[in-house]
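A.B. asks: Single-letter residue listing:
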Amino acid sequence: MADAAKKLPNIVINEKFCKGCSICVDFCPTDVLEMRGTCVAVKNLEACTRCQLCDLRCPDFAIQVFD
Amino acid sequence: MSVPAEKKEKVSVPFDYNKYLRPNKLPHIWCPGCGHGIVLKAMLRAIDKTGFDKNDICVISGIGCSSRTPGYVDFNTLHTLHGRALSFATGVKFANPKLKVIVVTGDGDALAIGGNHFIHTCRRNIDLTVLVFTNATYGMTGGQYSPTTPMGSQATTSRYGSIEPPFDACEMAKASGASFVARGTAYHTLELEKTIHEAIMHKGTSVVDIIDACPTYFGRANKFKSATHMMEVIEKDGTVNVKQADKLPPEKLEGKFLRGVLHKIEKPEYCEQYESIVMEKAKAK
Ligand SMILES: Cc1ncc(C[n+]2csc(CCOP(=O)(O)OP(=O)(O)O)c2C)c(N)n1
Ligand code: SF4
Ligand code: SF4
Ligand code: SF4
Ligand SMILES: [Mg+2]
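Top line first, the protein sequences correspond to chains A and B.
Residues 98 to 164 (my numbering) make up the first sequence, in order.
Residues 0 to 284 (my numbering) make up the second sequence, in order.
By construction, these hints were calculated from the structure, which means they are not laboratory data.
A portion of the hints provided could be inaccurate.
Straight-line alpha carbon distances no greater than 20 Å define the calculated SDA-like cross-link-like pairs of lysine to any residue that follow [stated by the list, open to error]:
no., chain 1, residue 1, chain 2, residue 2
1, A, 113, B, 222
2, B, 222, B, 271
3, B, 18, A, 161
Incomplete in silico selection of chain A near chain B, CB under 10 Å [said to hold, decoys possible]:
no., residue
4, 110
5, 124
6, 127
7, 153
The beta carbon of each residue, even a glycine, is placed where N, CA and C say it ideally should be.
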């Protein structure tokens, strides 16, 4: 199955650094992320296109997307 | 095993910021959503692109939230006096012309208390890269209006809206003699990275005016809903890339700041001029 072979990205969140500004959530083009309290969390990993926008606009070195 | 399928996937390797950070100094002190962190990251990627050794770079700041930047980065660094980053930077560069000196300064630091140093640094065209973090406020001291606060905006010192016309840092840098003048925003972070890279590579005074957000003071006082809202209204909708500006009718440019490289010329550089006089006089002896 092609779908089963599809490798999902690895979104690494540093919970100690995240300040909950929600910039990454608001600008993610495919709505992958959400706020859970004051920290970001992954809601829909399948939709992630690895565009890196969340990392690029995070002011706090708190989120990175690995292949 | 599904190796072939995996290979087809777009490979994405995030930038390794740790290479240039002082890990024991993080997390930084900036408020949630503060644009300074986004600008810092663009600066680190731009420096990485230059290929210069860490030890050949010196990052110098004055005082302000933006001026806290040198504390977090693993280069030669100086955190100096309010408004005086450019004076220290001039000294460092003049004594060590081989160093790549990058000044990180706030709009208040660079254009208010440091305004005189700003124009004379540009006039000399000494080889410095000057990154002005323009958040239209004095963030560190509680949100007073700054020389870039738009007229009519609220600040703790303009309760009925600011009545002072703002400075355009780019116009001022160009008029004062800087040989490279550009503008970017935190929102356009990849474009900003490219612009900072070009600024560092340029010989002479390179000024990059960087529009970013202070959600805590400017944002709250001016009824912005969030940092994202500020980035959308001020940085995205409030600016136009200079390359697109020619194609747009004047009404679409009204009240917008131009982004990108706005001015770039070749011009004698201060340290080189000085060096050539020293050599000439030494020969004459
Ligand atoms: C000589 C002197 N005057 C005033 C101050 C108080 N002061 C500290 S930071 C600052 C303004 C900072 O604004 P800006 O440079 O725009 O940086 P931001 O905090 O907005 O990033 C002022 C007035 C000071 N530290 N030293
Ligand atoms: S990499 Fe892009 S698609 Fe994936 S979570 Fe980040 S912003 Fe969203
Ligand atoms: S942008 Fe960074 S600090 Fe803000 S919510 Fe996302 S991960 Fe957290
Ligand atoms: S006060 Fe403003 S400029 Fe200072 S850290 Fe907070 S958001 Fe940033
Ligand atoms: Mg400021």
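A.B. asks: With 10 Å as the cut and Cβ atoms as the points, is residue 124(A) at the interface with chain B?
C.D. replies: It holds, given that the least Cβ distance between residue 124(A) and chain B is near 7 Å, below 10 Å.
A.B. asks: Is the shortest C-beta separation between residue 110(A) and chain B less than 10 Å?
C.D. replies: Nearest chain B Cβ about 12 Å off; hint violated.
A.B. asks: Tell me if residue 127(A) is really an interface residue toward chain B, meaning its C-beta lies closer than 10 Å to one of theirs.
C.D. replies: For residue 127(A), the interface hint is violated, since the closest Cβ of chain B sits about 14 Å away, which is over 10 Å.
A.B. asks: Check the hint pairing residue 18(B) with residue 161(A) against an upper bound of 20 Å on the C-alpha distance.
C.D. replies: 15 Å, holds
A.B. asks: Are the Cα positions of residue 222(B) and residue 271(B) separated by 20 Å at most?
C.D. replies: It is violated: about 49 Å lies between the C-alpha atoms, which goes past 20 Å.
A.B. asks: Mind checking the alpha carbons of residue 113(A) and residue 222(B) for me, to see if they're no more than 20 Å apart?
C.D. replies: Violated. Residue 113(A) to residue 222(B) sits at ~29 Å, over the 20 Å cutoff.
A.B. asks: Next item in the hint list is residue 153(A). Is there a CB on chain B closer than 10 Å to its CB?
C.D. replies: 5 Å, holds
Hints 1, 2, 4 and 6 from the list above are not met by this structure, while the remaining hints are.
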